[in-house]
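Undergrad: Generate the whole structure from the sequences, applying the supplied hints.
What follows is the residue order along each chain.
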Amino acid sequence: MTTPVIKGVSYCLAHTPGLVRYGSKPHREIQTDPLVLDKILNGLRSFDEAVAYLPNQVFIGNLRPHLLNQYERPWTTVPHADAERFSPWGEILPEEEFYGWLKLADVFNLVSFEAQFLAEQVKPKLALHPLMMANDMEKIGSGVSLVEIEEKVATGYALPLYVNKSQLIGAFEAGHEEDESLSAHTLLENLSNKATGIVAMRHALRSFDVQAENIQYVLGCDEEAVGDRYQRGGGNMAKSIAEHAGCMNASGADVKSFCCAPTHAVNIAGSLVQAGLYKDIVVIGGGSTAKLGMKFAGNLSKNMPIIEDQMGAIAILIGADDGKSPALRLDAVGKHDIAAGSSAQAIYEALVINPLERLGKKMTDIDKYAVELHNPDATEPNGNGNVPRGNYRTLAAMAVKRNEIERSEMKRFEEERGLPGFSPTQGHIASAIPFLGHARDMIMKQEIENAMFIGKGSLFLGKMTTLSDGMSFLIEKNKGVNPDD
Amino acid sequence: MKLAGKKVFVLGERDGVPAPAIEACMKQTEADIIYKDTQCFV
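Top line first, the protein sequences correspond to chains V and R. Take the first sequence: its position 12, counted from the start at 1, is 12 in our numbering, and no numbers get skipped. Adding 485 to a residue's 1-based position in the second sequence gives its number in our numbering.
Hints are supplied without guarantee of correctness; some may be wrong.
The calculated BS3-like cross-link candidates involving lysine-lysine, where the alpha carbons are at most 27 Å apart (straight line), are [what the hints assert, rightly or not]:
id	chain 1	residue 1	chain 2	residue 2
1	V	463	R	492
2	V	324	V	165
3	V	477	V	335
4	R	521	V	25
5	V	411	V	463
6	R	521	V	256
7	V	324	V	279
8	V	479	V	335
9	V	362	V	445
10	V	477	V	361
11	V	165	V	39
12	V	256	V	279
13	R	521	R	492
14	V	401	R	512
15	R	491	R	512
16	R	521	V	463
17	V	463	V	401
18	V	361	V	302
19	R	512	V	463
20	R	491	V	335
21	V	302	V	165
If you are wondering where the hints come from, they were derived from the structure by calculation, not from laboratory data. This one's a predicted model, so the numbers in the text were calculated from it and none came from an experiment.
TA: Quick look at the structure:
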């Protein structure tokens, strides 16, 4: 029986200010009051500002999370002087290139771009992109005329796409005129998720010691509902993405559990590896257009730029023990059972205390806890508090209750074992896993020994249950015994 | 706090105190819970 290991993690951001208007909250607000659109357009930031934004540099892996604590907030006021668009494991995509990836992902010709825009702003940049594969430029095509785009939009079945706030450069058509599940808006959500997922998956396969053709299975963990009117949510975004990343020997499926789907997916992938069914698996989660601008009003009320102008995507490589990558402890999986109770204490008892007790470990034996890592620059101006801090305080209080630390040591517990929130508020993307890449790197560089990841999901939002959900996993330093040696 | 016979709206938060946990406390007070909902702010 092999031990599953985390062989690599990639993170991508797609900076898409032109799509903020199609986020669920902005879209509804603009329908109620069309003047809101101008306020949103005037609150958008440039690509260079998004790259220099400290939490973004942390998200893609160029800066360690704890360094954020050295800077005053909001972090929008302290641009990083040495910011890079690329990191060893990922990147921040500019909008023009994202549109190129969107077209590349579009196998049903849903999206059309203006020819000059493609020729001047998209293709020359993507031609230099390190992830481009054979035939990619061909798939992007040569575009259509602006008149043709205007005609498509005029039908009422296509969404106009813009750059530079209001420059029309494309149209996204519905997949069926009478099917809400295939409306232009829904398909834009799904195809954007697919496109960002492709970028993240290609980065993972390029950056780490894994060959695309050796990937046997992919697990999707996003929150989109792919399907037509007869099977909305039918899914398998995972396989749709893997097709574009060269994983030709893979099949896959999606795992659904709201924001904690990624932690479920990591444990399921680890189980498939440990059982010997597959040797290499990718867990993939693309970005969410629905959450763009979700808290724009909070940012604007504080004279901040709208920071929810970007989608996040993550790809996690889980494989058989290589003797070096951090091990996933399947004997320390935490799950939030139906009977567990819904208080914060009951949830953490199920997700943290129970698995640690199974291993005979204390809370203070874990070097880092990753919880909901939402960026407080998005949540606090909107009156939603500092989400990770609230979670760490609960954890610290539980350590006090268990007599592991003194009450006076709670702040220290939070500082030493917690993390600042640095993730875009992209639901599944923000739930614990933004730290997985750093944790892997920190364990391999002897900075920490282990880390626990605690994901939570708001099942009740779907109106099928009043329950919430949660799942946790623990990774630790590899013992260094390669079974192939 | 005396809540016996009072009508109570329970509004919880996923990352704070969820509605079912507040409801469990309210039941000890004999309050009449007429609405409960948990919000997720992220």
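Undergrad: Take the C-alpha atoms of residue 401 of chain V and residue 512 of chain R, compute the straight-line distance between them, and say whether it is at most 27 Å.
TA: Roughly 25 Å separates the two Cα atoms, so the pair holds.
Undergrad: Given the hint that residue 521 of chain R pairs with residue 492 of chain R, does the C-alpha gap stay at or below 27 Å?
TA: Status holds; Cα separation ~11 Å.
Undergrad: Mind checking the alpha carbons of residue 302 of chain V and residue 165 of chain V for me, to see if they're no more than 27 Å apart?
TA: holds, 21 Å
Undergrad: Are residue 411 of chain V and residue 463 of chain V close enough, with their CA atoms no more than 27 Å apart?
TA: It is violated: about 37 Å lies between the C-alpha atoms, which goes past 27 Å.
Undergrad: Does the alpha-carbon distance linking residue 521 of chain R and residue 463 of chain V stay inside the 27 Å limit?
TA: holds, 13 Å
Undergrad: Below or equal to 27 Å on CA atoms is what counts here, so check residue 479 of chain V against residue 335 of chain V.
TA: holds, 26 Å
Undergrad: Between residue 477 of chain V and residue 361 of chain V, is the straight-line Cα distance small enough, at 27 Å or below?
TA: Between residue 477 of chain V and residue 361 of chain V the Cα gap is close to 15 Å, so the pair holds against 27 Å.
Undergrad: Take a quick look at whether residue 165 of chain V and residue 39 of chain V sit within 27 Å of each other, Cα to Cα.
TA: Cα-Cα ~11 Å, so holds.
Undergrad: Verify the proposed pairing of residue 362 of chain V with residue 445 of chain V, using a straight-line Cα cut of 27 Å.
TA: With a Cα-Cα distance of about 24 Å, the restraint between residue 362 of chain V and residue 445 of chain V holds, given a limit of 27 Å.
Undergrad: Checking one constraint from the list: CA of residue 324 of chain V to CA of residue 279 of chain V, max 27 Å. Satisfied?
TA: Roughly 15 Å between the alpha carbons, so the hint for residue 324 of chain V and residue 279 of chain V holds.
Undergrad: Are the Cα positions of residue 521 of chain R and residue 256 of chain V separated by 27 Å at most?
TA: holds, 25 Å
Undergrad: Are the Cα atoms of residue 463 of chain V and residue 401 of chain V separated by 27 Å or less?
TA: At roughly 34 Å apart (the allowed maximum being 27 Å), residue 401 of chain V and residue 463 of chain V break the hint.
Hints 2, 5, 17, 18, 20 from the list above are not met by this structure, while the remaining hints are.
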